[in-house]
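For this one, chain A is given, so just place chain B on it according to the hints.
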Amino acid sequence: MRIYSKEDYRELDEKKFKLVQMDHDIKDEKFEQEPVGFFKDALIRFRQNKASVLAFFIICIVLFFTIFGPYMNSYGFNDQNSDTINMPCKIPLLAPLGICDGGKVIVNRRADLLGDPSYYPEGSILEVFNEREIQGVKMVDVKVDYYKYTGNGDKCFWFGTDYLGRDLWTRLWRGSRVSLLIAFVSVITNVFIGVIYGSIAGYYGGKVDMILMRITEIISALPRIVIITMFIMYFGTGLFAIIMALVVKGWVHTARMVRAQFYRFKQREYVLAARTLGIRDGILIFRHILPNAIGPIITSSMIAIPSAIFAESFLAYIGLGLQAPEPSIGVLLSQGQKVLLHYPNQSIIPGILISVLMISFNLFANGLRDSFDPTLRGA
Amino acid sequence: MTKYIIQRLIALIITLFLIMTIAFLVVRLMPGSFYDNQDLPETVIQAINAKYHFDKPLIVQYFYFIGNILHWDWGTSIAIQPNVPVFDLLKTRVPISLQINLISLFISIPIGIAAGSLAAIKKNTLVDHFISFMVVIFISVPSFIFATALQYFLAYKGGLFPIIYDAAAAMGTQKAMSMFLPVMALTFSPIARVTRYLRAELAETMNSEFLLLARTKGLTYRQAIMRHGMRNSFLPLANIIIPMFTNILGGSLVIERIFSIPGMGGMMIDSISVSDHSVTIAILMFYSFISLVTMLIVDISYGIIDPRIRVGGRK
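Same order as they appear, the protein sequences are chains A and B. Residue 364 in full-length UniProt numbering sits at position 364 of the first sequence, with consecutive numbering throughout. Residue 86 in full-length UniProt numbering sits at position 86 of the second sequence, with consecutive numbering throughout.
Only chain A is shown next, with the shape it has when bound in the complex:
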């Protein structure tokens, strides 16, 4: 029998060849649907979760104000003015509804002075009520337009001012910028350290894994509040120090999660195949195994953001907040807390903002978790 080589076929005339299936019908159909990838799949599921989509839009709106809010009026975040101390909210749009009209109730005023323009400038009295007589003097409670009352009728502070006359609108958005910056940077740093640490521990296993995991065990045994407090006490209350304080313990969780993913996937056949093809460890780790962990990483970092915002406010409350004059939501809250009973707007507005942010981020993270890993739905 003759053995044909490649060259023999080349010499043959092309016309002698015939495609076997030329006159057969092809029975299988072409795919009509587009291929659905990992992220698209997640996006489709995410869209079904109305609450999470809403939360996402709220986060976007807050981010918009955080970026552009401080430039929306002419006041700087540190413009102090002793004439406009502790002004109430004044939003012309809402004034007809009776809220945020710059009004303020002053109690126990003498009734006979109401007409005196040196006490109550023109048009400053909005409402007089609760008339009574105390020791022969007629007393009333007056609701005044506090802006006209203090001679600042031409000014307008949307969210009022603080004890140094600084505009709270500008400070609020600048503060939320700082808070979100602290949250985002600390979470990104956590993920960065955690991913590398967890990858090394999970991929190499054995002794390396044991030593690395002992270290994380020690770190995670230290109570979070204690470590953060000591860290700030030592390094001072700069922006960088606060971010680092949140990193000290934060990366351990990511590292453990990534390590668990590596243990799940490093024995798979496709990894073995890639290794047989002679792929380096580095590429194997980051190109072939790590992408499996991307869903849990994104989800857990989203959950970490509200807790970072919380930790920052917590630090501000215990007196380890950001250094003045830079505001953050926590600093504003703890300042507002001191004057809560007299100027509630100074703590209620940042309180609403931080609550809305925390709720939105939690809902958003829940939606992400459900869409990346549908088996955990509702857990």
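These are computed hints drawn from the structure, not numbers from a lab. There could be a bad hint or two in this list.
[To be verified] DSS-like, lysine-lysine: derived pairs with alpha carbons at most 27 Å apart:
| id | chain 1 | residue 1 | chain 2 | residue 2 |
| --- | --- | --- | --- | --- |
| 1 | B | K157 | B | K175 |
| 2 | B | K157 | A | K138 |
| 3 | A | K338 | B | K175 |
| 4 | B | K157 | A | K143 |
| 5 | B | K123 | A | K50 |
| 6 | B | K3 | A | K207 |
| 7 | B | K157 | A | K338 |
[Said to hold, decoys possible] Here are some chain B residues the structure puts well away from chain A; computed CB gaps all over 12 Å:
| id | residue |
| --- | --- |
| 8 | T2 |
| 9 | D39 |
| 10 | Q46 |
| 11 | V84 |
| 12 | V127 |
| 13 | F210 |
| 14 | A214 |
| 15 | I241 |
Note that the Cβ used here is the ideal one computed from N, Cα and C, for glycine as well.
Below, chain B without anything else, positioned relative to chain A:
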């Protein structure tokens, strides 16, 4: 089991030592001087240094520090209540904090269990959605925001409760009233956690075969949950309740400040702001001790509550 507990106890002591070392280094190496007054004569500074061993090398100072703590000498307060031993200060403050924390923990557990099982029984109805909605809010909003809101609306505007905690009040209605708001602010988050956990746990139990059996023998949905499902869900619940105590303790650091409760939290904040470091260290050590012990209890209780889980034993 005994071997495991001993191992864990040794690990706990090592961790405490580690925290103590970090605390020592933080305080000793912190920038700034112990002497605020720059006009102090050199001889006085030397005398103080000699008395507190600040003139010795760091490692020797460390052994003095550890030795003092082993003799149960936590130092003396220099600013909050000058010349009072720190431990005596703690002795008056800690019970108040613990009282408030334990009360909020014990109040939140039954409410959380009730809400969680209600949500599971009425799954996917309006009641369930409402409870889930409240859970999201209670978990997300920080406790100090709740405290601020309660203080302003209920105490100041409504006049229903005292605005701040009344330390002098004797046991009774007056004390209960003044404790009501801080306790309430602290309970929101644990209630939500217990509810969410129990609902998820019950919802999972609902799909198990023994509940199907319970339904087939004629029990209604509610009866099946209450008699069979609930019992199974209580086991894992114990393991989230104990660590919750550490969380409440952390939250109460701020709540105590808001309601002027003369507890540990307020003292910690004060000690940080006036740089009374020995007090700060003592409070942080106390806090670490409690959270480490709770962690230990959780790990051990895994084995006791559910014998199917074996802790630390051989294969």
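| request: Say whether it holds or is violated: I241/B keeps its Cβ farther than 12 Å from all Cβ of chain A. | output: holds (18 Å)
| field | Interface exclusion of D39/B relative to chain A, criterion Cβ beyond 12 Å | value | The assertion about D39/B holds, with a minimum of 26 Å to chain A.
| 12 Å cut-off, C-beta based - F210/B kept clear of every residue in chain A | holds (21 Å)
| For the pair supplied as a hint, K157/B and K138/A, is the alpha-carbon distance within the 27 Å limit? | holds (25 Å)
| said: What's the verdict on K338/A and K175/B, does the C-alpha distance respect the 27 Å limit or exceed it? | reply: holds (24 Å)
| said: K123/B and K50/A were given as a pair; does the straight-line alpha-carbon distance stay at or below 27 Å? | reply: OK: K123/B and K50/A at ~19 Å, within 27 Å.
| said: What's the verdict on K157/B and K143/A, does the C-alpha distance respect the 27 Å limit or exceed it? | reply: Holds, at roughly 17 Å.
| field | Hint consistency between K157/B and K175/B [alpha-carbon to alpha-carbon, up to 27 Å] | value | holds (20 Å)
| query | Just checking, Q46/B versus chain A, shortest CB gap more than 12 Å? | reply | The claim stands: Q46/B keeps its Cβ more than 12 Å from every Cβ of chain A (closest is about 26 Å).
| message | Please verify whether K3/B and K207/A have alpha carbons no more than 27 Å apart. | response | holds (24 Å)
| request: Over 12 Å to the closest beta carbon of chain A is the bar; see if V127/B clears it. | output: For V127/B, whose nearest Cβ neighbour in chain A is about 16 Å away, the distance exceeds 12 Å, so it holds.
| Far enough from chain A: is every CB of that chain over 12 Å from the CB of T2/B? | The claim stands: T2/B keeps its Cβ more than 12 Å from every Cβ of chain A (closest is about 21 Å).
In summary, this structure violates none of the numbered hints.
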